[in-house]
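Peer 1: Next come the chains, spelled out residue by residue.
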Amino acid sequence: MIEKKIISKRFDKIDPYSIADYIATGGYKPLIKAMTGERIDILSEVEKSRLRGRGGAGFPVAIKMMALAKEAASVKYIVCNADEGEPGNFKDRAIMEKDPHSILEGMIITAYATRATKGYIYIRCEYDKSIEIMRHAVDEARKNHFLGLKIDKIDFDFDIEIRLGAGSYVCGEEFALLESIEGKTGRTRVKPPFPTSVGLFGKPTEINNVETFANIPVIVDMGGDEFAKIGTKSSTGTKLLSLSGNVNNKGVYEIPFGIPIKTVIDELGGGVPDSRALKMVQLGGACGPIIPRYLLDMIIDFDRFDEFESKTGSGAIIVMDDRWDIFDILLRNVDFFKHESCGKCAPCREGHNQLARLLRKFTDRKATVKDLISIESLARVMHQTSLCGLGQTSPTSIISTLRYFREDYIDRLESLEV
Amino acid sequence: MTLDLMLQKYPASSEYLIEALRDYQTAKIDHCVTEMEIVKIAKYFNVTESKVCSVVSFYSFLSEKPKGKYVIRICRDVPCFVNKSESILKTLETRLGIKPGETTTDGLFSLEFTGCLGQCDHAPAIRINEKTYVDLTPDKVKAILSEYREEKS
Ligand SMILES: Cc1cc2nc3c(=O)[nH]c(=O)nc-3n(C[C@H](O)[C@H](O)[C@H](O)COP(=O)(O)O)c2cc1C
Ligand code: SF4
Ligand code: FES
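Line by line, the protein sequences are chains A and B. When we follow my numbering, the leftmost residue of the first sequence carries the number 6, and every step to the right adds one. When we follow my numbering, the leftmost residue of the second sequence carries the number 2, and every step to the right adds one.
These are computed hints drawn from the structure, not numbers from a lab. Quantities reported herein were computed from a predicted structural model and do not represent experimental measurements. Cβ coordinates follow ideal geometry from the N, Cα and C atoms, glycine included. A couple of the hints might just be wrong.
To be verified - Covered stretches of chain B (chain A as the covering partner; in silico rule of three or more C-beta atoms under 8 Å from a C-beta of chain A):
id, segment
1, 35-45
2, 97-108
To be verified - Beta-carbon label-pair distances, calculated as ranges:
id, chain 1, residue 1, chain 2, residue 2, range
3, B, Ala28, A, Lys375, 48 to 56 Å
4, A, Lys196, B, Asn47, 24 to 32 Å
5, A, Lys75, B, Arg96, 53 to 61 Å
6, B, Ala28, A, Arg147, 23 to 31 Å
7, B, Thr49, A, Val80, 21 to 29 Å
8, B, Leu109, A, Lys196, 44 to 52 Å
9, A, Ala72, B, Tyr149, 47 to 55 Å
10, A, Ile378, B, Ala28, 36 to 44 Å
11, B, Ser14, A, Asp144, 37 to 45 Å
Claimed, not checked - Chain B regions said to be covered by chain A (calculated; three or more residues, Cβ under 8 Å):
id, segment
12, 18-24
13, 53-60
14, 82-90
15, 128-141
Here chain B stands alone, though its shape is the one from the complex (with noise of 0.2 Å):
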């Protein structure tokens, strides 16, 4: 979807802007918008472009870095943590070559973490993004990672 496309979704006021945001980079292979896209919606919105950066830095589902193809994004809140969300965690880290806050060089997977879920009566729980997977254990963790590299060759 082309950033005008996009815009035109919403009505020309900023209390519209985090949705439009996330909307966008939802869509968007890197999940990030760039500099001259802020222009364009700081425009849009009638807001200044300082205002755009703000919300998108405050927000962790909006980001002005590139991210990988499928983000990652693991909950190790309490309810998770005590249901042994360290061992899907280290599980991501040795199949993907990654620790949080990285992306795999192939640009395919980025991994970071996250707020509980609201999965807790199913953890542990990670979401891909605009996926929740839950009830996970190692050997889930790594066919699903072998899924999402096969939806690429």
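Only chain A is shown next, with the shape it has when bound in the complex (with noise of 0.2 Å):
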């Protein structure tokens, strides 16, 4: 067995309606542990941990823990990122839908270790389920007096408000998220100052993914020394993986870091379907690196991941079989970027419109060398100039089969006259 069930353990086997079933399965315990030790012993927990964020840049969570609570202002936020709009995710939604007080709980435990005052969960509307299910497990905790004023009867007050997205992908990234929650439009902020110092309504503000925080009763329960011994070196504990596209069993898995992506392909997936070849493997979402099958061997790992230069560390494993152009499919992906661009500045804004140009010229068989130059230099310029993550990210397809599937490109070439 390659799973290992720490984050999803309570899946399926307890009534996500029901706060009792979660207590009955020792929930609520590490917050109560927490708050009875001081506030400086968690943040050492979760620094000794190393755990790092789950939404997929992989950014270390005690930095942010640590800068939140030194911050002095008596109005602090929490921010819970549930806007999961990448393509090839569904692993927050699953948490979601299936243990949503372990998310609650990791807010709380983050909020008394900061001194936080209020947090927020940012869900996106399309999520019905999980919207229906978080709302209700707030409302329990309120009851059972997690949530609120003097919580479990300590001086410290904190509650969470619920706050839906309107369909746009962006407000993912974080100062477009925050904007978005303040009633804007979500077109990100120039960093610096970042949002642990200036965040939501300018008061010092941490936001983390969904499974980050399912994460913190975890350490605070076993301890960060025994939770850093899961996983790799440089990316301890385990994972949760969105498997999707054309493999046998689709769907959320969780493994310790360090398993090869093969692996989890053949025994999770249970291969591809009908008998198929498989092509090529997209990581981490639209954003991520499209890999091919010799480079399976990799293992799982934000370090491993670091040499794509994008989000690949989301856990999303989009696989694609022989039938596939890669042409089709990254056009696909600027399509959605396209889409989904803000329009703030101007590489993200018309590169996308010139990438999916020249992207059809490959498809069309019209393309000439100046083209692939073209692309090649757009992508780069795109990824090194653009204000958000977004604009930086969505080149890594293209920048990742320039590298892996060079010959592709070449065959599609009208003629190698330059």
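Quick one: dock chain against chain with the hints and give me the complex.
Peer 2: In structure tokens, the structure reads:
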């Protein structure tokens, strides 16, 4: 068995509408344990755990927590990013629908450790069931005095409000998300300052992914050192994977970091259907690299992912069989980002139109060597000069295919003359 | 629900603008806000009309343009695409006689693209108003459309 169910241990075993089920399976015990100790203990356990953010970029969680804890403001916020709009990702939906209180508990512990005063959960509006379950969980947590005034009878007030998106992928980007909660268009801000100093409504704010928060009670419960023994040196703990595409058993799986991608596809995914051959795999979502079969021995690990310079670490694995043409896939990705670009900066606003135009030349077999050079430099420029992660990472699938599937590009050239 | 009634559900603070707009449009048969309504909404939240307009044009689920009673949104991102979302798109286009971005002449259906619906493990997926349909085949789509047509008559 390569699965290791820590975050998903309650999945399909408890009723997500029942706080009693959650408590009966050890839920809210870590919170009580955390609140009987010193705040600094929680911070040091998270630091020892070396937990990294599960939203894609893998930023160390303890650094954000400590930055927020240090801020002296009387109002401070915790925001849970449940916007999950990256194509190929659905693991946050699984946590919300199957173990909602684990997210709340993680947020409450984080708030206690950092002295945050209020929490927000920003959920994309298409996630009807997640919204219903999370709202119910917040109500129940309040009734049971885990949220509200004087939590667990000590001098600590914290409440959580649920906010909904209105159909915009870029609102998953942290600053765009804050703007959206404030009731504005979801356009990013120039940083610094970072949200932990100037965030929501101008107040210090820590933003983390759903799965990141779900890890916090686990760390408090088992201790940071124990937690850090799971996984690899650079990536501790487990990861929820969203496995999709041309694979027999699509779904959400939890594995310790360090498992090879190929093992996940074969053992958990049950391989490719209709005895077809696997051609390529996209990691992380539309913003991630597309890699060929011979790289599938690569292990799931943030350090390995770093070489792609994108947000590969969200855990999406999209499998594609040999029926698919890379240019059709690339065009789908570019169309997505073109539609979702907020239009604030030129490289992204204009770049996607140009990328789409160039890619069409390759699908039509009308591309020239000059087009090949153009697409390569345009992708680089967008990656380097775009204002936010959307434009910076959207060319990743092009950059990676230029590296690993270069022969496909050469194949489509009208002539090899320059 | 009248606009006044809906507005009362929200504190008169501009941070609730987006949710109030979406709530209202979801309930309306043509899923849009008119100029008159924008004036009223802007006044209630104490923001400029141009701010309301910019928010409406930014978010995919908000619109100033009237839409059909049932807005069908189809996902064609890669996980759906490699699970034959194009056959779903074709079925919708032929059955409805419209292309994405259009509305049927009887005002019953609009067809649009949407980004990934987070249902990739049950691809291909579409959303009709507030309901998501997964594991689709062309036959299932035909049956779903008939259900909506019958509901009308
Ligand atoms: C365009 C764009 C979309 C994003 N969407 C999400 C998202 O849906 N969920 C998420 O957790 N992070 C998303 N992120 C990453 C966030 O900006 C941020 O890094 C993350 O919420 C931090 O949480 P973590 O450190 O716990 O991963 C997105 C980033 C970009 C640039
Ligand atoms: S990179 Fe794209 S999404 Fe990000 S700020 Fe620039 S235009 Fe907007
Ligand atoms: S790609 Fe269609 S639901 Fe995710």
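Peer 1: If a hint holds in the structure, say so; if it does not, say that too.
Peer 2: Structure-based check of all given hints:
A stretch counts as covered by a chain when three or more of its residues have a beta carbon under 8 Å from one of that chain; for the segment 35-45 of chain B and chain A the count is 0, and the coverage is violated. Counting residues of the segment 97-108 of chain B whose beta carbon lies closer than 8 Å to any beta carbon of chain A gives 0, which falls short of the minimum of three for the stated coverage. Between alanine 28 of chain B and lysine 375 of chain A the Cβ separation comes to about 53 Å, which falls inside the hinted range of 48 to 56 Å. Between lysine 196 of chain A and asparagine 47 of chain B, the C-beta spacing of about 29 Å keeps the proposed range 24 to 32 Å intact.
With their beta carbons about 59 Å apart, lysine 75 of chain A and arginine 96 of chain B fall inside the hinted range of 53 to 61 Å. For alanine 28 of chain B and arginine 147 of chain A, the Cβ-Cβ distance of about 27 Å falls inside the hinted range of 23 to 31 Å, so the restraint holds. A hinted range of 21 to 29 Å holds for the C-beta pair threonine 49 of chain B and valine 80 of chain A, which are about 27 Å apart. A C-beta distance of roughly 46 Å is found between leucine 109 of chain B and lysine 196 of chain A, which places it inside the suggested range of 44 to 52 Å.
In this structure the supplied range 47 to 55 Å holds for alanine 72 of chain A paired with tyrosine 149 of chain B, their Cβ-Cβ distance being about 51 Å. Against the hinted window of 36 to 44 Å, the Cβ-Cβ separation of isoleucine 378 of chain A and alanine 28 of chain B comes to about 53 Å, which falls outside the hint. For the hinted restraint 37 to 45 Å between serine 14 of chain B and aspartate 144 of chain A, the CB-CB distance of approximately 22 Å leaves it violated. With a cut-off of 8 Å between beta carbons, the segment 18-24 of chain B has 5 residues touching chain A; three or more are needed, and the interface restraint holds.
Given a C-beta distance limit of less than 8 Å, the hint that chain A covers the segment 53-60 of chain B holds, as 4 residues qualify and 3 suffice. With 3 residues having a Cβ less than 8 Å from any Cβ of chain A, the segment 82-90 of chain B passes the three-residue criterion, so the hint holds. Given as covered by chain A, the segment 128-141 of chain B passes the check, having 4 residues with a CB less than 8 Å from a CB of that chain where 3 are the minimum.
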